[in-house]
Every structure is written in structure tokens, then in C-alpha cells.
Amino acid sequence: MANNKEVFKTPVWLNNPVVVQILGICSALAVTAKLKPAIVMGLSVTIITALSNVVISLLRKTIPNRIRIIVQLVVVAALVTIVSEILKAFAYDVSVQLSVYIGLIITNCILMGRLEAFAMQNKPWASLLDGIGNGLGYAMILIIVAFVRELFGSGALLGFQIIPQSWYTTNGGWYLNNGLMIMPPMALILVGCIIWVHRSHNKDLQEN
Amino acid sequence: MAANKFKCSVCGYVHEGDQAPDKCPQCFAPKEAFEKIEEGAPAKKGIDTNSNAYTIIYAAVMVIIVAFLLVFVSSSLKERQDNNVVQDTKSQILASLNVSSVDVARAYDDYIKMDWLMNEDGSLVKNDGEFSTSYKGEFNSGRLHIFQADVEGDTKYIIPMNGLGLWGAIWGYVALNADKKTVYGVYFSHASETPGLGGEIATEYFQDRFAGKTVMKDGQIVLNVTKFGTAKDAECQVDGVSGATITSKGVNSMIATVLESYKPFLLSK
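Chains as they are written, first to last, in my numbering: chain A, 1 to 208; chain B, 1001 to 1269.
Extracted from the complex, chain A is given alone in its bound form (with noise of 0.2 Å):
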């Protein structure tokens, strides 16, 4: 295929897996609060997308139709149990940090998106570069977030203080970290304040 450019460009922003897709919100709110998991998780993402959409594009002219979810579950949970496995003897500290994680990489619902949507009826050439394009929409999306909830809720980047010190009430200062940013619910908020940027950018994707 000649626009293989295409399939790896598209996803990264005009078909965004997280605010045009919608898919993978759910681990998008969980691991957001701090910069440092979000990046983890986005590369984690990206790798395993890209491998379980080769190997289920290779398999695609085998599959039984009728199993053809069970077979993609099973692909991307042996995948995510073997980099889990090689974390642990050769990375170890990745994979105390990645902890909960893991499991949620295997519910991620892009992977499944991606595996029913795109690598069965394409090559694995073209479905490793949606894999990967899928992938780093999703981290992008997740950074983002993560940046702007790190960094008014807990005035830090990455773990480094940003806001001085010297600012905040305890110390006599007038600033005090936004308590809200840390939950659950603004990370919605945000992914929607980005849905918003997104579609006044791309008006053919707003709706009636």
C-alpha cells in the first residue's frame, strides 16, 4: 500500500485512538495523575499494540471467524505476560513501576480496537504502523493529561518540584496545589477540554 504514511500518520491525531476513537479512557483516568506512570504506560501500550497487531495480521488468513475475539484475547495476553516476564528478570525496576498496569494494558479496549478493526484485513507491515501510531496517540493524549494534573496537582513535574516552595500557604505564600487535578474525575475533564480543541481544529468531525 502506498499511503502506509497515512495509516501511521492519521492515528496520531486526526483519528486519535483516545479523543476521536474513544477508546482506552478508562486506564487514560487511572494512570494520569503523575507524569512518570503516564509515559510508562504509553510506551507499554505502543509496544504491545504493535506486536499483537503483527502477529494477528500474520495469523489473519487462519483465523476461525467465529473465535476470532477469544484468539486476539489470547494473543494479546500471552504478549503481555512474556514482556512482563522479561521485565521482571531484566528490567526490574520498569516492571515495579509498570505493577498494576500490566493487567490494565490486556483490558485496554485500543488493542482490541485496533487487532478487530485494523489488523485483521491488513498486512503486518501496514498493521505494525497503525500498532505504533495508535500507540503513541494514546501516549500523546495520556502525557498531555498527566502534565497538566501533575503539575497543579501536586506542583511538580516528573517528581521535580516546579511551583517554588516558598509559594504555597504552608510557607506563607498565596498558592495551594488544586486537590481535584488528582482525581479521577479531571482527568475526564481534560480529555474533554482536548476533545474540544481537537474538533474546533477538525470541523468535519464535529457533529449536528
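Simulated from the structure, these hints should not be mistaken for lab results. Misleading hints may appear alongside valid ones.
What the hints assert, rightly or not - Partial pick of chain A residues on the chain B-facing surface, computed with a CB cut under 7 Å:
#: 1; residue: Ile25
#: 2; residue: Ala33
#: 3; residue: Arg66
#: 4; residue: Ala78
#: 5; residue: Ile82
#: 6; residue: Glu85
#: 7; residue: Lys88
Stated by the list, open to error - Taking lysine to aspartate or glutamate pairs in the EDC-like style, the calculated list, with each CA pair at most 16 Å apart, reads:
#: 8; chain 1: B; residue 1: Lys1113; chain 2: B; residue 2: Asp1150
#: 9; chain 1: B; residue 1: Lys1031; chain 2: B; residue 2: Glu1016
#: 10; chain 1: A; residue 1: Lys36; chain 2: A; residue 2: Asp93
#: 11; chain 1: B; residue 1: Lys1090; chain 2: A; residue 2: Glu85
#: 12; chain 1: A; residue 1: Lys123; chain 2: A; residue 2: Glu6
#: 13; chain 1: B; residue 1: Lys1180; chain 2: B; residue 2: Asp1154
#: 14; chain 1: A; residue 1: Lys61; chain 2: B; residue 2: Asp1048
#: 15; chain 1: B; residue 1: Lys1078; chain 2: A; residue 2: Glu85
#: 16; chain 1: B; residue 1: Lys1263; chain 2: B; residue 2: Asp1121
This one's a predicted model, so the numbers in the text were calculated from it and none came from an experiment. C-beta: ideal position from N, C-alpha, C; glycine also.
Starting from the known structure of chain A, fit chain B onto it as the hints suggest.
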């Protein structure tokens, strides 16, 4: 010469002619959406992927392959993983002494002098078993570990503890000074507390609040964690994490329960 057939990939409309139409008459999809249908090879011969037998065999083979793959990966990496867990446990124990090192195994041997088990009367015997990585199991089976550490000539005692936070397990190591009455340092960690709220118990600023606090007074455990902003007695009360009352309570009851069991040792001379 028979005309070629083109099928619209959007709505399935089939067009006959030399070329695909500019627009699909049914759904107005562009020309690119049309795919040429190859005549002569209408249905590829081969196995029917929708038959019951094929489906069952496919599922069975897939499951067996995946199972072997997982067993292979897990057993070939087991040794490395176990080693990592041991290193991680050791580094957590050292963290209660505010020691962090790249070479954990060596630092552990440098600082930790003995892995004791406490008897009912508070006396200590040497742990004859291997280094344990699950102090919850050890605690429940009555094997109360106490690590004796040596920090620049001063003796410290480290007590491992386990408890429950809001969402799951929390655990930690509390290092006491040689008098067994004041805290030298603590380390807490958690399985799944909310990042930014309960997760803050794993941060240094929270753990630093414990240093120097009194554990025992008149034979009672007095060290406790209170709701954020309500710690009045600076001697033995520690402010919890703001917005994470339940996790803070979890830390509090973990400390109380575990130290209660270690009382004979704490009271012994």
C-alpha cells in the same frame, strides 16, 4: 472481452467496467475505495476456516502453543527474577536506613550484620533459614524477623511490617535506634495505592516525618499516624498524607499491630 469488476470497500457495491468509477453511486466513496475483483479464482480452495472441526482444532493448538511458550519463558527466567526480588527486598531494607546503593548485595553485607528471629520472651536467635522475601508469610507463621544493622558504629534494629492500605497491600521496614525506643528511619511501599494520594507514603518527605519519633513510652506503643494536620504530640505523632486518610490509617494500624507483636523485644534490655 469481459469487463473487470470493481467492488466498493465501503458499501459493497459492484461496478462493471474497465475502470473503477470516480465515485461510488451508492455511498459516494472516492475511486480509491474500489477494489478490483479477480475473476477466475472466485473462492480460494483450502480448508474451510468456519467449520466446527477447524475451529476446535485451531483453539486447541493455539492454547497448547501459548501454554508451552509461557512455561518456557517463565521457567527460563525464573532464576533471574528470583534474584531480582531478593535484591529488591534487600534494597528496601537498606532504604529504611536511608542507604541507597547501586551494588545492593555488597551494601547489604556491609550494613546488615544479622538476620534474627524473635522468641516469645523477646530474646533473639539466629535465622537458620534462607533470606526471606515475604515477611507477611513469615509474620503470619510466627517467625518474627529483626535485622541488626550497623551504621557508622551504631546498632540499629530493623523490623519488617505488612498491612492493608485503601486498595491493596502496603508494607515497610522500620529502623529503630539501639535504645529500641526511637525511630531511626522508615521505608514504606505499596502495591496499588492511588498515585499522588495514598501512593505518597512511598515518598521521602512522608517517611522523613518518622525520624526521631518515640515508639515506646511506659511500656505502650505510642507511635501513631494521624489525619493530616492533626498531629499534636510532636514526640510520637506523625501527620498522615493529605487526602489519603484511609491509606494513612492503614499505615497507622500496620505499625500498631506489628510493633505490638514485637513488644517483648522492644521491652527487653
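| task | Enumerate the violated hints, using their earlier numbering and listing them in ascending order. | result | 1 and 11
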